[in-house]
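Peer 1: Dock chain B against chain A, hints included.
Number of protein chains: 2
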Amino acid sequence: MHFADKLYERIHKVDSRLVIGVDPEPKRLFGEKSLFQKANPGQSRQGLLDAFCEVVVSVAASTACAVKPQSAFFEAMGLWGLESLARCIKLARSQDIPVILDAKRGDIGNTAAAYASAYLDPSSEFYVDALTVNPYLGPDTLEPFVHAARKSGSGLFVLVKTSNPGSGAFQDTPLADGRTLFMKVAAAVRDLGQLSVGDCGYSDIGAVVGATYPEELAALRKALPSCIFLLPGYGAQGGTADDVKGAFNQGGYGAIVSSSRGIIFAYEKLGEVAGPDEIRAAMLDAATGARRDIQGAAGAGD
Amino acid sequence: MHFADKLYERIHKVDSRLVIGVDPEPKRLFGEKSLFQKANPGQSRQGLLDAFCEVVVSVAASTACAVKPQSAFFEAMGLWGLESLARCIKLARSQDIPVILDAKRGDIGNTAAAYASAYLDPSSEFYVDALTVNPYLGPDTLEPFVHAARKSGSGLFVLVKTSNPGSGAFQDTPLADGRTLFMKVAAAVRDLGQLSVGDCGYSDIGAVVGATYPEELAALRKALPSCIFLLPGYGAQGGTADDVKGAFNQGGYGAIVSSSRGIIFAYEKLGEVAGPDEIRAAMLDAATGARRDIQGAAGAGD
Numbered sequence: 004m005h006f007a008d009k010l011y012e013r014i015h016k017v018d019s020r021l022v023i024g025v026d027p028e029p030k031r032l033f034g035e036k037s038l039f040q041k042a043n044p045g046q047s048r049q050g051l052l053d054a055f056c057e058v059v060v061s062v063a064a065s066t067a068c069a070v071k072p073q074s075a076f077f078e079a080m081g082l083w084g085l086e087s088l089a090r091c092i093k094l095a096r097s098q099d100i101p102v103i104l105d106a107k108r109g110d111i112g113n114t115a116a117a118y119a120s121a122y123l124d125p126s127s128e129f130y131v132d133a134l135t136v137n138p139y140l141g142p143d144t145l146e147p148f149v150h151a152a153r154k155s156g157s158g159l160f161v162l163v164k165t166s167n168p169g170s171g172a173f174q175d176t177p178l179a180d181g182r183t184l185f186m187k188v189a190a191a192v193r194d195l196g197q198l199s200v201g202d203c204g205y206s207d208i209g210a211v212v213g214a215t216y217p218e219e220l221a222a223l224r225k226a227l228p229s230c231i232f233l234l235p236g237y238g239a240q241g242g243t244a245d246d247v248k249g250a251f252n253q254g255g256y257g258a259i260v261s262s263s264r265g266i267i268f269a270y271e272k273l274g275e276v277a278g279p280d281e282i283r284a285a286m287l288d289a290a291t292g293a294r295r296d297i298q299g300a301a302g303a304g305d
Numbered sequence: 004m005h006f007a008d009k010l011y012e013r014i015h016k017v018d019s020r021l022v023i024g025v026d027p028e029p030k031r032l033f034g035e036k037s038l039f040q041k042a043n044p045g046q047s048r049q050g051l052l053d054a055f056c057e058v059v060v061s062v063a064a065s066t067a068c069a070v071k072p073q074s075a076f077f078e079a080m081g082l083w084g085l086e087s088l089a090r091c092i093k094l095a096r097s098q099d100i101p102v103i104l105d106a107k108r109g110d111i112g113n114t115a116a117a118y119a120s121a122y123l124d125p126s127s128e129f130y131v132d133a134l135t136v137n138p139y140l141g142p143d144t145l146e147p148f149v150h151a152a153r154k155s156g157s158g159l160f161v162l163v164k165t166s167n168p169g170s171g172a173f174q175d176t177p178l179a180d181g182r183t184l185f186m187k188v189a190a191a192v193r194d195l196g197q198l199s200v201g202d203c204g205y206s207d208i209g210a211v212v213g214a215t216y217p218e219e220l221a222a223l224r225k226a227l228p229s230c231i232f233l234l235p236g237y238g239a240q241g242g243t244a245d246d247v248k249g250a251f252n253q254g255g256y257g258a259i260v261s262s263s264r265g266i267i268f269a270y271e272k273l274g275e276v277a278g279p280d281e282i283r284a285a286m287l288d289a290a291t292g293a294r295r296d297i298q299g300a301a302g303a304g305d
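The listed protein sequences derive, respectively, from chains A and B.
In terms of our numbering, the first sequence is residues 4 to 305.
In terms of our numbering, the second sequence is residues 4 to 305.
Derived from the structure by calculation, the hints contain no laboratory data.
One should not assume that every hint holds.
Note: identical chains are not told apart, hence a pair may lie in one copy or across any two.
Straight line, CA to CA, 20 angstroms or less: simulated EDC-like cross-link-like pairs of lysine to aspartate or glutamate [as the list claims (entries may be wrong)]:
no. : residue 1 : residue 2
1   : K248      : E271
2   : K225      : D143
3   : K154      : E281
4   : K187      : E218
5   : K187      : D175
Only chain A is shown next, with the shape it has when bound in the complex (with noise of 0.2 angstroms):
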């Protein structure tokens, strides 16, 4: 079955176009200030981390069409890290809940063809339902991951325009063809993407386009229509509703939003009264008004 049509299903079924973001950031999750730790005492390090992923996917099970961990902050821990990376994916994926793995990886050849199978391969500890990946090798480095995704139906969201306030320095520049470099990397996503249509008229070869660039969201819909944007950036980082609703196809479908910071540190400002239960109600609560809010974006109502 294709990655986007497992993804359409889902959507249909919590009625959500969210993605929470697990970022668990160590000095948030751990230390003296930490509210977290103080109400899950006397836990390890990777006690503490377990437990905030089980409460991040128990939120998602019922708010969210998927869960996008940040290797980032896992790889950050060391293998103990990575051995919760393994635990949450398969936590997730054990509730059906698709999990994109945020991990931007890219190479050349035999290489790329290491990392997709690392992560897009059903038989490895770290498969994931879709992997983000970064095009700068040019399209030919993709295509390995191209193809292991469609050996196990699984999705790849390519970098195009990301949610950073510097991501126009080399995205943005102006081509001598009159197109800008996100629009160029945009068009050989469409490529790679053309075998890998689902039944619900997606392909599986998604794009990463920042919810903080509105106008270039509408620029990139109009160029790929049948390409899922993968929308980082809402929430903390300062993208709206408003900034997103061009991401969205007639019928409001074609695009997904991420939120991490502002959903799973929400119990942050309870301060030091939140005990576990108040922690997981505060990110519900968070998830809950973003779902909603993403809804009203994409004109799906609630």
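Peer 2: Below, chain B without anything else, positioned relative to chain A:
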């Protein structure tokens, strides 16, 4: 101490500008057809991987200025592969062999900082002397890496012009201002490295430039006089000593040349007669030849 100075010292000590790439491709290391497995019977896969890394590191000890483990191959083996990566890094560093982790990471803001802490913070299990990073997201996303590198005296190699056949698709794009994209990226790398110049006159912020593109290499050498180039593509990918000549400044500094498959799998040509001693000898022979070849290209004799 600056990474550039550590590398400079090491180049002198071993009279070598060769970097040995540690690319443990599973299909060549494991399975009935693997000569390495036949030569090391009764070993687990992890045992084989560790044994392979030990041989490569022991060969690098006398022939190479650095080793460059390719993260993708270790990630492809899951958690035990990453355990072995940590061991391989520690083993090389314990012998004062600089380790350049080829992981091509890149992400925004606090996520980039998390990657930097995973690989450039001395307290990390995966701490290395230098890391390869991808610039597509913009120079602002490289700053957390530069900051971490300055703090720990580590280095970075930013992808500028990669060695793959299709690297030109985006990197050679003609820009409206008359440059190519890779020259624009190169200018950003130069700016990012200005505050990280060591006593040797080179910056800790280097560039990845494919040995397979001698013309671009020459143009980049001129544009970035204080930048250390890491050259993949020599050997199995087709780059020759002649191709890499233009990478060296007068005096023979400014570049290091990576070879992986041509060295680490050199024993495969021996056929089934290869035992552990023959395997090591074949790698050593190939590394010695590559080292001499590259010293010649640098005008450094042997």
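Peer 1: For every hint, state whether the structure bears it out.
Peer 2: Verification of the supplied hints:
1. K248 to E271: neither (29 angstroms within a copy, 57 angstroms between copies)
2. K225 to D143: neither (25 angstroms within a copy, 28 angstroms between copies)
3. K154 to E281: Answer is neither: 43 angstroms inside a copy and 39 angstroms across each miss the 20 angstroms cutoff.
4. K187 to E218: The answer is within: 16 angstroms in one copy meets 20 angstroms, while 24 angstroms across copies does not.
5. K187 to D175: This pair counts as both: shortest intra-copy Cα distance 10 angstroms, inter-copy 12 angstroms.
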